[in-house]
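Trainee: Listed below, chain by chain, are the residues.
There are 2 protein chains.
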Amino acid sequence: MPILEIFSQGEEIVTGQTVDTNAAWLSEQAVQLGFTVARHTAVGDKLGDLIGLLKEISERADCCLCTGGLGPTSDDLTAEAVAKAFGLPLAFDEIAYRQIQAYFSNRQRPMPEVNRKQALLPQGSIRLDNDWGTAPGFALQAGRCWFAFMPGVPSEMRNIFLERVKPLLPDRFVLTPSRLVTIKTVGIGESDIQQRLDGLQIPPSVQLGFRAGIDEVQTKLLFPADYPAEETAALTYTIAERLSSRFVFGIDGLTEKVGSLAAVVDKLMCETGAALAVVETVNQGLLSAKCMGSAWLKIAVFERSPSALCERFGTAVDENDLSKTGARLAKALQDQRAADFVLVQLHEGSQSQFRDKDRTIILYNTLLTENSFQQSRHILAGPIERKQNQAALFGLDLLRRHLQDNR
Amino acid sequence: MPILEIFSQGEEIVTGQTVDTNAAWLSEQAVQLGFTVARHTAVGDKLGDLIGLLKEISERADCCLCTGGLGPTSDDLTAEAVAKAFGLPLAFDEIAYRQIQAYFSNRQRPMPEVNRKQALLPQGSIRLDNDWGTAPGFALQAGRCWFAFMPGVPSEMRNIFLERVKPLLPDRFVLTPSRLVTIKTVGIGESDIQQRLDGLQIPPSVQLGFRAGIDEVQTKLLFPADYPAEETAALTYTIAERLSSRFVFGIDGLTEKVGSLAAVVDKLMCETGAALAVVETVNQGLLSAKCMGSAWLKIAVFERSPSALCERFGTAVDENDLSKTGARLAKALQDQRAADFVLVQLHEGSQSQFRDKDRTIILYNTLLTENSFQQSRHILAGPIERKQNQAALFGLDLLRRHLQDNR
Numbered sequence: 001m002p003i004l005e006i007f008s009q010g011e012e013i014v015t016g017q018t019v020d021t022n023a024a025w026l027s028e029q030a031v032q033l034g035f036t037v038a039r040h041t042a043v044g045d046k047l048g049d050l051i052g053l054l055k056e057i058s059e060r061a062d063c064c065l066c067t068g069g070l071g072p073t074s075d076d077l078t079a080e081a082v083a084k085a086f087g088l089p090l091a092f093d094e095i096a097y098r099q100i101q102a103y104f105s106n107r108q109r110p111m112p113e114v115n116r117k118q119a120l121l122p123q124g125s126i127r128l129d130n131d132w133g134t135a136p137g138f139a140l141q142a143g144r145c146w147f148a149f150m151p152g153v154p155s156e157m158r159n160i161f162l163e164r165v166k167p168l169l170p171d172r173f174v175l176t177p178s179r180l181v182t183i184k185t186v187g188i189g190e191s192d193i194q195q196r197l198d199g200l201q202i203p204p205s206v207q208l209g210f211r212a213g214i215d216e217v218q219t220k221l222l223f224p225a226d227y228p229a230e231e232t233a234a235l236t237y238t239i240a241e242r243l244s245s246r247f248v249f250g251i252d253g254l255t256e257k258v259g260s261l262a263a264v265v266d267k268l269m270c271e272t273g274a275a276l277a278v279v280e281t282v283n284q285g286l287l288s289a290k291c292m293g294s295a296w297l298k299i300a301v302f303e304r305s306p307s308a309l310c311e312r313f314g315t316a317v318d319e320n321d322l323s324k325t326g327a328r329l330a331k332a333l334q335d336q337r338a339a340d341f342v343l344v345q346l347h348e349g350s351q352s353q354f355r356d357k358d359r360t361i362i363l364y365n366t367l368l369t370e371n372s373f374q375q376s377r378h379i380l381a382g383p384i385e386r387k388q389n390q391a392a393l394f395g396l397d398l399l400r401r402h403l404q405d406n407r
Numbered sequence: 001m002p003i004l005e006i007f008s009q010g011e012e013i014v015t016g017q018t019v020d021t022n023a024a025w026l027s028e029q030a031v032q033l034g035f036t037v038a039r040h041t042a043v044g045d046k047l048g049d050l051i052g053l054l055k056e057i058s059e060r061a062d063c064c065l066c067t068g069g070l071g072p073t074s075d076d077l078t079a080e081a082v083a084k085a086f087g088l089p090l091a092f093d094e095i096a097y098r099q100i101q102a103y104f105s106n107r108q109r110p111m112p113e114v115n116r117k118q119a120l121l122p123q124g125s126i127r128l129d130n131d132w133g134t135a136p137g138f139a140l141q142a143g144r145c146w147f148a149f150m151p152g153v154p155s156e157m158r159n160i161f162l163e164r165v166k167p168l169l170p171d172r173f174v175l176t177p178s179r180l181v182t183i184k185t186v187g188i189g190e191s192d193i194q195q196r197l198d199g200l201q202i203p204p205s206v207q208l209g210f211r212a213g214i215d216e217v218q219t220k221l222l223f224p225a226d227y228p229a230e231e232t233a234a235l236t237y238t239i240a241e242r243l244s245s246r247f248v249f250g251i252d253g254l255t256e257k258v259g260s261l262a263a264v265v266d267k268l269m270c271e272t273g274a275a276l277a278v279v280e281t282v283n284q285g286l287l288s289a290k291c292m293g294s295a296w297l298k299i300a301v302f303e304r305s306p307s308a309l310c311e312r313f314g315t316a317v318d319e320n321d322l323s324k325t326g327a328r329l330a331k332a333l334q335d336q337r338a339a340d341f342v343l344v345q346l347h348e349g350s351q352s353q354f355r356d357k358d359r360t361i362i363l364y365n366t367l368l369t370e371n372s373f374q375q376s377r378h379i380l381a382g383p384i385e386r387k388q389n390q391a392a393l394f395g396l397d398l399l400r401r402h403l404q405d406n407r
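Going down the list, the protein sequences come from chains X and U. For the first sequence, counting from 1, position 318 maps to 318 in the numbering used here; every step adds exactly one. For the second sequence, counting from 1, position 255 maps to 255 in the numbering used here; every step adds exactly one.
Which copy is meant is left open, so a pair is good if it fits within one copy or across any two.
Straight-line Cα separation of at most 27 Å, DSS-like style, residue types lysine-lysine; simulated pairs:
id	residue 1	residue 2
1	Lys298	Lys331
2	Lys298	Lys324
3	Lys117	Lys55
4	Lys117	Lys220
5	Lys267	Lys298
6	Lys357	Lys166
7	Lys357	Lys257
8	Lys220	Lys166
None of these hints come from the bench; they were simulated from the model.
The following block holds chain X by itself, in its conformation from the complex:
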């Protein structure tokens, strides 16, 4: 597979004033097209750094997607750096100049003289017309590498990439797009997953990767384009089975795009037609906030303590048995016809235990439906926001398991 690099120019990126979202966007595009993305580099507005970097890349990559540094001001140095790095003098591009003039006249504004600079392109380069802003991009071959230079403004960059750069790629590179399958889990860590896959034979052409996010842990399989569909499915299901359906809440890229745990629950809840009530002391609204957009979440109530919740819903608390208290609360809510399903989340542990990242609290989940009753218990650790988020996820996941088991 051809090797591709991403190169971003901008003092605002290296100083951390701006997060470089262009690099991630372009990488995702490139991977899907069939490139191997080897490196991202960002440099500021020092001409020497820029020239050095361009030369390096021209020797080690087959393609480089570049953003930024095409503006009219003195710290926009990309064209000059290209000219110096590859000995390609800048030439005035008449068409580019007319486009820049038109951009300003369309907006009924005079063209500032500084913008003339944007019509200077390295000799022999292809102009990448910019219908979405002032600065045209340009593309050229230098050494081993084909470079495409685009503006740094995300909307302009995306349009120029999709409309101007992407169509040029198939003629220049032999590309076989690969297929990404993602197995999504909650409640199991990355190292646990790794251990469950121990000893499993994965063909060397399939790339295995992991990504631990706040809301899920992903096991990723990147299959080459010519990998047989049945074998893709077989390997995916083998792995999913090893991870267990207790933890796997969805598989992306095989038959469907599943989204987050909340999206999976949303789909399953819509199938049942049931409504849900949530009462809790522990996630402080986060579980319900994650279900935004759902029509089935009817009520969500947070109170600070199990006893406050019991008082509100007219039942008795048993401080020594939060499982029992959870069951009573769920029953009370159901009797009051609050909803078809009731999810209760209570916790044991003081406010200072909750806040202390080195101390744990215990979460008691109760799910009562028309014809079933389930409970689970989890230890929550880490900073308070993590405890909150884990509580929300474990609550959703109890619901998800019930719905998948009773489908």
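Got chain X sorted already, so can you dock chain U onto it with the hints?
Mentor: Chain U alone, transformed into the frame defined by chain X:
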């Protein structure tokens, strides 16, 4: 000024699965400490690439902050790459091992055997204890450059940087820190801010920047180390005044560190000693979730419609006047002694309007305290998650303004 580079390891970064926010965060820290940040580089999990890059950096930078690749799995290669690049064999670190064991035993989980790997550190390196996750970091000098290796999980990385790495820097580098002041706003856009600053004289030594996030828009001023303190304050307040206290909820870096809007509200609410009840139809628990860790949020109730809320709290809905309905609900809650302050958020608009990113809904806020009553009305636009988030922010901001005005 010493030259610093940022280096991120992770296939998920080069393939665009993850946006590298660590690089921007670390750069901002480094710039404030007095480093010149010259370059960001991200590479995937190819050992040869990693080794080559580490060698390059050891020759051209004075300091390098590195993230990622310290996990337990086979694609976590940083320690191995360091060992090979600089001829420093990996040695088993007894203390690191015990910390990793403790992490698991605290969570009452067995330590998977793969995690043992995380206790292997390059010979002669300093261990950077990780109290926030499993993997310790490490630091070492190689060639010209002092490297600090940290985990890629943002929360762990930030803690390790602030608590372990930052204290080591003043002894190793001659640093003259610059000063970053951030004016934080909610309810006003970036181009609006730019327009309000039009014509303002800002000295060329002061760098002005903007960053628009989900929860706030930041106007950033980077002052050189020798910039006089009074003039720093004067320029900051001039700008804050142009932006108006209606929108500015805090200024970071002048006299204090203010944090998020929720953190500002938290501090102000703690000063009052009052408790808050929130009832709403529109942010679905998000406002209360943002207040996690506060002791003053007593109750939060979400219901799908104003009429459902009114029924629950025994008052009458006026579908044609949600301001009136909000006032009635607040009064009912206060009469029931739910809390000292009551915040009601209702919305006008169907579920399909809510979901449609091209249609708007109207938010009605009511805040009732012991001796004041305030309302506000906002139009919410964009995707449903944005409407939800805006509602939560506008609710918190009404509370913030009341608290600041009555301080």
